[in-house]
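J.: Protein chains in written order, with the working numbering: chain A, 2 to 275; chain B, 302 to 582.
Simulated from the structure, these hints should not be mistaken for laboratory data.
Here are some, though not all, of the chain A residues that point toward chain B, as calculated from beta-carbon distances under 10 Å:
1. Thr54
2. Val80
3. Pro81
4. Asn89
5. Pro91
6. Thr93
7. Gln96
8. Ala97
9. Gln102
10. Gly104
11. Asn105
12. Pro110
13. Arg135
14. Arg138
15. Val162
Backbone N, C-alpha and C define an ideal beta-carbon position, used for all residues, glycine too.
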Amino acid sequence: MEPLLELRKVSFGYGAMPVLEDINLHLHRGQFAALVGPSGAGKTTLLKLILGTLQPIHGEIYTHGELLRNGRSPRVGYVPQLETVDWNFPVTVEQAVWMGQIGNKNIWPWMNAEERKQVRAMLERLDIANLALRHIRDLSGGQQQRVFLARALISKPDLLVLDEPTVGLDIQTAEMILVLLAELNRQGVTLLMTTHDLNAAAAHLPWVICLNQKVVAQGAPEDVFTEEVLSETYRGDMLVFRHNGMMFIQQRPHDHTYKDLVPEPVPGEVPLTH
Amino acid sequence: MDILLEPFQFEFFRNGVVVSLLVGALCGLIGVYIVLRGMSYIGHGLSHAIFGGAVVTYVMAWNFYVGAGLWGFLAALLINQTVRRTRISADAAIGVITTASFAIGVALISRYRHFTRSFDAALFGNILGVTTQDVLVVAAVTFVVALIIFFMYKQLLFTTFNAEVAQVYGVKTEWVDTLFSLALAAALIASMQILGVTLIAAALVIPAITARLLTDSFNRMVILSTMIGMMTNLIGMYLSYYIDVASGATIVLVQATVFALSLVLSLSQKRAARRLSHTHV
Numbered sequence: 002m003e004p005l006l007e008l009r010k011v012s013f014g015y016g017a018m019p020v021l022e023d024i025n026l027h028l029h030r031g032q033f034a035a036l037v038g039p040s041g042a043g044k045t046t047l048l049k050l051i052l053g054t055l056q057p058i059h060g061e062i063y064t065h066g067e068l069l070r071n072g073r074s075p076r077v078g079y080v081p082q083l084e085t086v087d088w089n090f091p092v093t094v095e096q097a098v099w100m101g102q103i104g105n106k107n108i109w110p111w112m113n114a115e116e117r118k119q120v121r122a123m124l125e126r127l128d129i130a131n132l133a134l135r136h137i138r139d140l141s142g143g144q145q146q147r148v149f150l151a152r153a154l155i156s157k158p159d160l161l162v163l164d165e166p167t168v169g170l171d172i173q174t175a176e177m178i179l180v181l182l183a184e185l186n187r188q189g190v191t192l193l194m195t196t197h198d199l200n201a202a203a204a205h206l207p208w209v210i211c212l213n214q215k216v217v218a219q220g221a222p223e224d225v226f227t228e229e230v231l232s233e234t235y236r237g238d239m240l241v242f243r244h245n246g247m248m249f250i251q252q253r254p255h256d257h258t259y260k261d262l263v264p265e266p267v268p269g270e271v272p273l274t275h
Numbered sequence: 302m303d304i305l306l307e308p309f310q311f312e313f314f315r316n317g318v319v320v321s322l323l324v325g326a327l328c329g330l331i332g333v334y335i336v337l338r339g340m341s342y343i344g345h346g347l348s349h350a351i352f353g354g355a356v357v358t359y360v361m362a363w364n365f366y367v368g369a370g371l372w373g374f375l376a377a378l379l380i381n382q383t384v385r386r387t388r389i390s391a392d393a394a395i396g397v398i399t400t401a402s403f404a405i406g407v408a409l410i411s412r413y414r415h416f417t418r419s420f421d422a423a424l425f426g427n428i429l430g431v432t433t434q435d436v437l438v439v440a441a442v443t444f445v446v447a448l449i450i451f452f453m454y455k456q457l458l459f460t461t462f463n464a465e466v467a468q469v470y471g472v473k474t475e476w477v478d479t480l481f482s483l484a485l486a487a488a489l490i491a492s493m494q495i496l497g498v499t500l501i502a503a504a505l506v507i508p509a510i511t512a513r514l515l516t517d518s519f520n521r522m523v524i525l526s527t528m529i530g531m532m533t534n535l536i537g538m539y540l541s542y543y544i545d546v547a548s549g550a551t552i553v554l555v556q557a558t559v560f561a562l563s564l565v566l567s568l569s570q571k572r573a574a575r576r577l578s579h580t581h582v
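Construct the entire structure; sequences and hints are all you get.
T.: Right, dumping it as structure tokens:
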């Protein structure tokens, strides 16, 4: 089967500093994969290469077997990190999603009836139809993430790329977003995301790619998330344990933990209760 | 009614009103993108750069609109490219490029002192000097800029909101920026005669930020800012006539007053909403 996305010996660097070396990757239609690795491992750079906003120094990227050439973007829906969004920008939920229809032939500066219908249907699909006229700032983190998912999906992309979709969200909301992504994947959407949350990746994702300048390993989390692979990826001492069929990952505390540094910490006060 | 109609017996006032309405709409419209891009300083800087271009144009005996327009466009393009291709921030690039350009103008004026007085209008605005040719040029620029914004509305919106993401979605952001630079340079040149180099920045920024205070919708902000620009310019023109103060300064003072009123209104609305939410808790 021809991969949806293929990276062949891709390398990239900023100036003399290499960021990615010799990356070989395949992503097939219907796959749901996460890129994991420490900060500075090259995860976001790899996403930008796939999105076509950066060009590799060496190697090639193919989409549908065709070389991704300079300046041409593959049909990708992109959900950036929420931190990069200007929350004071005057757009409503509906207008933000409408931007995803930029490729439409509509030349008028307003939504036509068909576009409005599609926007409403997408908002319904992501369960935020009641927020259509709200300003993007006036939403919870989970709702904001759904808005940008809607913008990405409305362009009917071959691949949905998400840069740390759970960062800054509380545990419950993060889980909700990952469940939503799994549901989209079940509906046929191909997804590639980056994440720092290894436990969530282990619990929710069928495929993980460990990256640190090069691909250390890739596969199902139960095969890839071993202490050896993770220690090599994170260049630290990583612990993996299992409990009730679930996998938990933790870095072994350094030699100097808080208790070594502050032997007698100042205690808090427990208020009296009746 | 006589108060409103009386000034229209003078040709300069008729020309002035037409030009000020057009310039108000133009600055209000383009100002939305300037403010939302966080480039409020560019109007100030670029108008100074264009002043340099105007002096060079005069020395070389070129057509003012062509020479100064080209100069302004190149300055805007240079700022864009400097920001895109180097680590220099927008405000620093604007500071260096536009001030250097302004300095060229000042240097030429001090070298050829005999034409210094001719540039008073460019610096401070002079509605009395508006000719029929100026009216036609401003009308043409307003029409072209409005067309550009109309047909590139979605691309401009997306690029202004998040240029990097817009590029991923297929927007040619470099082209959008270049076209916007051209429109901005043209708008500044068209506005120079009435507002003057020193006051254009305010006319670009104030209607847009006033509109921003009044709405959270981009479409409404565009319409409101254009209307505020036109309305304040018209009021400014009348005041300028009756109190005999320079048109540019009067217009900016009217705009500043409208902004202050909107600020008070917006703050009081927020306070009332907060009080209401506390009551409901």
